[in-house]
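Please model the entire structure based on the sequences and the hints provided.
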Amino acid sequence: MHHTTANPPEGGRHRLILFRIARAVFPEQKISNPRGSVTGKQEIVFELCAESVEACVAGEAGGADRIELCTALVEDGLTPSHGLVRVALERCNLPIHILVRPRAGDFVYSEAEFVTMKEDIAHFKQMGVAGFVIGVLHADGTVDRERTRELVELAAPFEVTFHRAFDVTPSLEQALEDVIAIGCKRVLTSAGAPDVVTGAPMLATLVEQAAGRTEIALGGGLRIEDAEWLVRVTKARHYHGSLRQSEPAPVLAVGDEGMEAVASRRGRSIVNPKDVQTMVAKLRNS
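Be aware that the sequence shown starts at 42, since it is given in the working numbering, and climbs by one per residue.
One should not assume that every hint holds.
[Unchecked claim] Across the chosen pairs, the derived CB separations fall in these ranges: (1) G224 - R127: 39 to 47 Å; (2) V156 - R186: 14 to 22 Å; (3) K315 - A153: 24 to 32 Å; (4) V209 - F155: 16 to 24 Å; (5) K159 - K276: 34 to 42 Å; (6) D236 - E116: 40 to 48 Å; (7) A322 - E187: 37 to 45 Å; (8) V115 - V209: 15 to 23 Å; (9) G224 - D181: 19 to 27 Å; (10) R127 - K276: 36 to 44 Å; (11) E152 - V274: 39 to 47 Å; (12) R273 - R144: 36 to 44 Å.
[As the list claims (entries may be wrong)] EDC-like mimics (lysine to aspartate or glutamate), calculated; alpha carbons at most 16 Å apart, straight line: (13) K315 - E84; (14) K159 - E194; (15) K276 - E84; (16) K315 - E266; (17) K159 - E131; (18) K166 - E194; (19) K315 - E187; (20) K276 - E249; (21) K159 - E191; (22) K276 - E256.
Keep in mind the hints are simulated off the structure, nothing from the lab.
C-beta atoms are modelled at their ideal positions from N, C-alpha and C, and glycine is treated no differently.
Encoded structure:
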């Protein structure tokens with residue numbers, strides 16, 4: 042699929058922003074897309090975790106339902122730049138949710154880091170995004186309800202997902218109740234396990250505990266070959282994965298063995314639309 046670099050006409054851009062706002066506020070309603078498609082409630086939802094515009098475009102081409110946009114997936118994801126968000130919104134019609142995570146490491150943030158998160162949310166709200174992905178913890182690992190609620194209220198009326206900070210809390214059951222009380226639309230989780238297959242029994246328990254009060258989105262090592270089994274075992278409706286493939290980067294430091302070694306390790310990740318299509322088909326045909 043080829044996309045030009047030109048911006049959409051101003052009127053069309055305004056309609057697209059209004060469409061994304063309406064889709065965020067009324068996610069269960071069928072809303073006519075200004076670019077021609079129709080979006081409505083689906084039994085199984087697949088969200089592609091993307092760190093590039095190309096991945097967003099591949100996700101749309103393959104039939105994904107939503108994008109979580111971030112950068113630095115090698116660090117488990119960080120807040121994307123203004124430019125990345127802007128171009129992704131211009132070239133991809135899917136709802137785009139923005140990861141708000143100012144740094145790698147833990148999820149206990151300083152005052153300055155928390156202010157940064159609020160500034161990012163306020164900024165991206167003006168750009169036509171569909172939602173946000175956040176997570177704030179106390180030093181003891183429990184959900185920081187006060188700060189998380191502040192971010193949820195700031196993000197309103199857009200959806201908020203509580204990300205995999207959830208997985209390092211001391212009690213997943215209590216953390217789920219905290220997130221529900223705060224008002225998060227969904228929780229992204231592997232149930233504290235290294236991957237969703239290992240965490241499947243607990244994920245099924247969390248889906249049952251949530252009982253429709255929030256959405257449990259399975260994320261963490263999601264593979265195409267496990268999709269059908271996970272749907273049957275966990276009964277979850279929401280799934281999240283990056284479907285990345287590694288592609289070697291060109292070696293630029295010719296003649297410098299040290300730099301060549303560094304460059305060869307960096308590489309880059311790509312997403313094949315056919316993989317997205319296969320994942321969606323497996324999830325929905327289970």
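How the hints compare with the structure:
For G224 and R127, the Cβ-Cβ distance of about 28 Å falls outside the hinted range of 39 to 47 Å, so the restraint is violated. With their beta carbons about 19 Å apart, V156 and R186 fall inside the hinted range of 14 to 22 Å. Restraint check, K315 to A153: a C-beta distance of roughly 44 Å breaks the suggested window 24 to 32 Å. Between V209 and F155 the beta carbon distance is about 18 Å. The supplied range of 16 to 24 Å therefore holds.
Hint check: K159 to K276, Cβ distance near 36 Å, so the stated range 34 to 42 Å holds. Take D236 and E116: their Cβ atoms lie about 18 Å apart, and the range 40 to 48 Å is violated. Roughly 43 Å separates the CB atoms of A322 and E187, a value that falls within the hinted 37 to 45 Å. At about 18 Å, the beta-carbon gap between V115 and V209 stays in the expected band of 15 to 23 Å.
Distance hint check: the CB atoms of G224 and D181 are about 22 Å apart, consistent with the given range 19 to 27 Å. In this structure the hint that R127 and K276 lie 36 to 44 Å apart at CB holds, the actual value being about 38 Å. Taking 39 to 47 Å as the suggested C-beta distance range, the pair E152 and V274 conforms, at roughly 42 Å. Distance hint check for R273 and R144: the Cβ-Cβ separation is about 38 Å, which falls inside the suggested range of 36 to 44 Å.
Distance check on the hinted pair: K315 and E84 sit about 21 Å apart at the alpha-carbon level, beyond 16 Å; violated. Distance hint between K159 and E194 is fulfilled; the C-alpha atoms sit about 10 Å from each other, no more than 16 Å. For a cut-off of 16 Å, the pair hint linking K276 to E84 stands: about 11 Å separates their Cα positions. About 14 Å separates the Cα atoms of K315 and E266, which keeps this hinted pair within 16 Å; it holds.
A C-alpha spacing of about 24 Å is found between K159 and E131, which places the hinted pair above 16 Å, so the restraint is violated. Among the hinted pairs, K166 with E194 is consistent with the structure: their alpha-carbon atoms are about 12 Å apart, no more than 16 Å. Straight-line distance between C-alpha atoms of K315 and E187 comes to about 42 Å, which puts the hinted pair past the 16 Å bound. About 9 Å separates the Cα atoms of K276 and E249, which keeps this hinted pair within 16 Å; it holds.
A distance of roughly 9 Å separates the Cα atoms of K159 and E191; the hinted pair therefore holds under the 16 Å criterion. Only pairs whose Cα atoms come within 16 Å are accepted, and K276 paired with E256 is accepted, the gap being roughly 11 Å.
Of the numbered hints stated above, those contradicted by the structure are hints 1, 3, 6, 13, 17 and 19, listed in ascending order.
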